[in-house]
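If you read the sequences in order, they're chains F and P.
Residue 81 in this note's numbering sits at position 81 of the first sequence, with consecutive numbering throughout.
Residue 94 in this note's numbering sits at position 94 of the second sequence, with consecutive numbering throughout.
Just so you know, the hints here were simulated from the structure itself, not pulled from any lab data.
Where hints are given, some of them may not hold.
Given that identical chains are not distinguished, each listed pair holds provided it fits within a single copy or across any two copies.
[Unchecked claim] Listed next, the in silico PhoX-like pairs over lysine-lysine satisfying Cα-Cα at most 25 Å (straight line):
#: 1; residue 1: Lys105; residue 2: Lys41
#: 2; residue 1: Lys71; residue 2: Lys41
#: 3; residue 1: Lys3; residue 2: Lys41
#: 4; residue 1: Lys3; residue 2: Lys71
#: 5; residue 1: Lys105; residue 2: Lys3
2 protein chains.
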Amino acid sequence: MAKPRTLEPEQWELWNSWMQAQRLLARELDRDLQRDYGISKAEFSVLVTLHRAAEGRLRVSELAESLAWDKSRVAHQLTRMENRELVDRTEDRSGRRVGVGLTAKGRSAVENAILGHADNIRRYFFEALTPDQAAAIHVWSRRVVDRIEARCGERADQLDANQPIM
Amino acid sequence: MAKPRTLEPEQWELWNSWMQAQRLLARELDRDLQRDYGISKAEFSVLVTLHRAAEGRLRVSELAESLAWDKSRVAHQLTRMENRELVDRTEDRSGRRVGVGLTAKGRSAVENAILGHADNIRRYFFEALTPDQAAAIHVWSRRVVDRIEARCGERADQLDANQPIM
């Protein structure tokens, strides 16, 4: 490992501004989902993942893998969401939950929330950007992803350009 | 609330790239701290916060507030870090931990880790940026922070330009 060097003060300033921007942005988006749609960040993640799936249904193990959550977290979250009638379950013969799907109420909730979320992303993120800045951030984002993936020798998640990543 | 509008496909693509870049970047920085310095993200947050404080000591309540962690999380984290001899405690008469400070080992660990962290930020973040992109990201980050702060009517945390935000 080469001897590490510290950053220049203006580099720390950029880094800190950028970290603060992303943290405030994430906080505002989460708060708005909760306030406008009554949906927590965790609920939105589950609903969006189901909404992308064929017919809005997944096996619980697939959902857990897609969210990168452990099983007990998924189980607790789904129980709460079943109680709110946002999702329903498929059981095996012994009554164990094996699959989960959007209810009509869940589908309607997530479709409204995605639209509101998109609107908030536009207000907080895109309306603060000039086209040149957008292009610069896009190029840079892709380069960061490429560099890290090349280093890790792994593929990142497949992206669907029309769906939010949470 | 005006009727929400969705994003254009190229806007979703930029947003998704940006979210993925920041997530991979955070993951790599955390992994490198663990691998190169044996320090978790939570430990680094505690050590950096103490390192910024006068003489490397804080009241436990000040530390909890600065990290925005609840008391039980702080207490568990500090117990682990006392066992690793990274921090030591000040007790009140009843033996309750009231203050916490860096040990010599903790100070040395955090100073090495900050330097390594800075080096990693340079490699992953700055080396992927042209000066024009850096300027664009800096202007945009400050604008996002200003917009959100104006909307919230609150001051964000004071920034120290020479310290990492975790």
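Taking the hints in turn, this is what the structure says about them:
For the identical chains of this complex, Lys105 and Lys41 are intra-copy neighbours only, at 18 Å inside a copy versus 39 Å across copies, given an alpha-carbon limit of 25 Å. When the C-alpha separation of Lys71 and Lys41 is checked against a cutoff of 25 Å, the pair qualifies both within a copy, at 18 Å, and between copies, at 23 Å. Within a single copy, Lys3 and Lys41 get their C-alpha atoms only as close as 41 Å, which misses the 25 Å cut-off; across copies the closest is 22 Å, which meets it. Within a single copy, Lys3 and Lys71 get their C-alpha atoms no closer than 42 Å, and across copies no closer than 38 Å, so neither meets the 25 Å cut-off.
Within a single copy, Lys105 and Lys3 get their C-alpha atoms only as close as 57 Å, which misses the 25 Å cut-off; across copies the closest is 21 Å, which meets it.
Checked against the numbered hints listed earlier, the structure breaks hint 4 alone; every other hint is satisfied.
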